[in-house]
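A.B. asks: Residues per chain are reported as follows:
There are 2 protein chains.
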Amino acid sequence: MAKPYKEMNREELLSLKKELEGKFEEAKGKGLKLDMSRGKQSTAQLDMTMSIMNVFDSDSVLKTEDGIDCRNYGLMDGIPEVKKLLGDMMGVPAQNVIVYGNSSLSVMYDAVSHSVTHGVMGSTPWCKLDKVKFLCPVPGYDRHFKITEYFGIEMINIPMTADGPDMDLVEKYVSEDEAVKGIWCVPKYSNPQGISYSDETVRRFANLKPAAKDFRIYWDNAYAVHHLYDDKQDEILEILSECEKAGNPDMVFEFCSTSKVSFAGGGIAGMAASKANLDYIKEGMTVRTIGYDKVNQLRHVRYFKDINGIRAHMKKHAEIIRPKFEAVLQVLDKEIGGLGIGEWNKPVGGYFISFEAMEGCAKAIVAKCKEAGVVMTGAGATFPYGKDPKDSNIRIAPTFPTPEEMAEATDLFVLCVKLVSVNKLLDKNVG
Amino acid sequence: MAKPYKEMNREELLSLKKELEGKFEEAKGKGLKLDMSRGKQSTAQLDMTMSIMNVFDSDSVLKTEDGIDCRNYGLMDGIPEVKKLLGDMMGVPAQNVIVYGNSSLSVMYDAVSHSVTHGVMGSTPWCKLDKVKFLCPVPGYDRHFKITEYFGIEMINIPMTADGPDMDLVEKYVSEDEAVKGIWCVPKYSNPQGISYSDETVRRFANLKPAAKDFRIYWDNAYAVHHLYDDKQDEILEILSECEKAGNPDMVFEFCSTSKVSFAGGGIAGMAASKANLDYIKEGMTVRTIGYDKVNQLRHVRYFKDINGIRAHMKKHAEIIRPKFEAVLQVLDKEIGGLGIGEWNKPVGGYFISFEAMEGCAKAIVAKCKEAGVVMTGAGATFPYGKDPKDSNIRIAPTFPTPEEMAEATDLFVLCVKLVSVNKLLDKNVG
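These protein sequences, in sequence, are chains A and B.
Just so we're aligned, residue 163 is where the first sequence starts under this note's numbering, counting upward by one.
Just so we're aligned, residue 163 is where the second sequence starts under this note's numbering, counting upward by one.
Hints should not be assumed to be uniformly reliable.
Since the list can't tell identical chains apart, any single copy or any two copies may satisfy a pair.
[Said to hold, decoys possible] Distance condition first, Cα-Cα at most 20 angstroms in a straight line; then the derived DMTMM-like pairs of lysine to aspartate or glutamate: (1) K444 to E311; (2) K308 to D441; (3) K290 to E311; (4) K375 to E488.
Calculated directly from the structure, the hints in this document are not laboratory data.
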């Protein structure tokens, strides 16, 4: 049975340090070149989707069910059958969906950018306001935080709990401060913790009483269909209908994409919102574009057919991804369990495992990994401004490497966690 | 030989009016439903490109020449071989090109929107300025004007000449007024007149001495390869290198797309600019997207191979389009030539014919056409704020209808021109 590091005396720690340093030098000698930094599909996943390339040939009729030619201008807000498909992914009616281009990140950026220049449904453009704030559940998705940072929006950390963001804090900020215009949420299999919001959390979101009438929940349902198991699946309450029930029909912008269903960058993205929101958004959209890539929209719906097609496809993804998650979790359990130097979650979906190191250790661990050729997401990236106040959170992205690479990378990771933790404890002892 | 309407006396005009009204009622009875309103490809053109759908199948290797997997994240600014392809379309080196998504209009919108929120290469964001102005050569492209109108940018009309915009005026405004931040240009086969800027015009552009350091020429090279003839082709000077020669390397943003080469909305778009501009743009781009649709980028380069492939392809487009342009021009010549009630250009490329009616007649002509089932671009659309000061310009878009429809539509159009002109002259006579 492993002895918790904190119970070790100085001598034991020094001896352990020596042993770990030896192992680290050995690992470094291997010349690893591995990447656990980003939530990317692996080649095996991408290959698995290649038959989407057979959907069309030169004899295909590229028309929607309504007879609209997808090769020409028109249907700015997307073809009806893809609205249905993305709507089913999010659990909302097709009429509440706009289909965009290849990236939900761009849709979110545009939503914020447009609010800065033109406000939200008639509100004052944010660029005319002295102060705009967003709530940021942490740890969270670095690219969300980059968007708000880029527009000079002040970000406020909201701690995550096992049920989602700390709703007492969210309610307080949203109801008391008119400068609070939004909150970034990944409600299902959250990035990076893999937490799915509880029903109570979703209902409390829907029942918010915002001080700002242009407050919106930015509901990034990025992992709506990204389960790892058949028999263990999280489901969350559908936020649009909950908001409507609560008398807040316009309070949410929901986003989704097929970047981790079909191809990353070669997929399609969508947004769901109330009719009033969509009408306002479409006004701006007519200035921005004549329409998105309907050929690719049609390709997706011909390939997946419907939500059942997507579900079946996601099972195949899960078969490729699941062993990698389990491998990481097994190594963490075996090597770090009981040592008191780290905690982690065991997600049943999504793309990440979130590791909580001892306070003040995350940066050093990531640096140590890099020294031996394993790239992790930069420590701090999961927090606004890249600043993790405790310097403890590390995001592990197990999907991209092969299972063999994953095993090697995780072995190195736990070694670095141990080594940095020992050094930390020794430093403390000195102090 | 036709007698000019202005030389007719009241009696002759009244008799002509009666005859034309009879013909109009007859035409109305046909129940036409034709659209000459937008620059859209015809079905024959779209069909001609369908073999692009055979480029990939499930066994294809979707990698760039450098071995980058186009199915995954990465290469934010486009794959190298497509930079080369779009660069060759614009006549600029690949290193000066960023490849975007499916729409150059979006790229232009984003360029303006980003300047509003973040300025241009470090300048004050336009939303912090009291006044921002754009120069708008008229008649011009309605969707350009909509973008600047949407951001509250004041638009100043600049008359077009046979050589391009009135450069005396352009130089005056640009050098004297720091609020002038841009000018919308379609330098080759301009929309709607089909005018290509003379070498002197391009050189005067390149040698502008802007009062505002964030002044940019918005050079929408939409019809760079869209010739109608093999033996009559306009070429314009390459603006980036001219600007560099003139000591203004950063003064231009150039745009292009394959919307009228491959599929409208299913194509790819690009931007060309100096390295300093591109570096600045890419900083913002990393916040907005992880990358555009590289699968479609690769599809295009595999299909067209290189600029010669595009040129050969555009010849096939020309074979489909040319007869329609010629049919319109022949009818105009035959029916309106010498009557003194309209002028028009004879473009050798692009997508439009611009018709200049008698002053105060354009709206009435378009309304009359609509009454009989022929939709034209709204009168005034070719001017900022939709206001044609002389109410005389009408844009004819001959590409979308079939040749038979085109003939019918043009017959009706000239009939309406005659009828409205007669009425105008009779009104004047009364007054």
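A.B. asks: Indicate, hint by hint, whether the structure satisfies it.
C.D. replies: Status of each hint after checking the structure:
1. K444 to E311: between (26 angstroms within a copy, 16 angstroms between copies)
2. K308 to D441: between (27 angstroms within a copy, 18 angstroms between copies)
3. K290 to E311: So K290 and E311 pass the 20 angstroms test inside a copy (17 angstroms) and across (18 angstroms) alike.
4. K375 to E488: neither (44 angstroms within a copy, 56 angstroms between copies)
When held up to the earlier numbered hints, the structure conflicts with hint 4 and nothing else.
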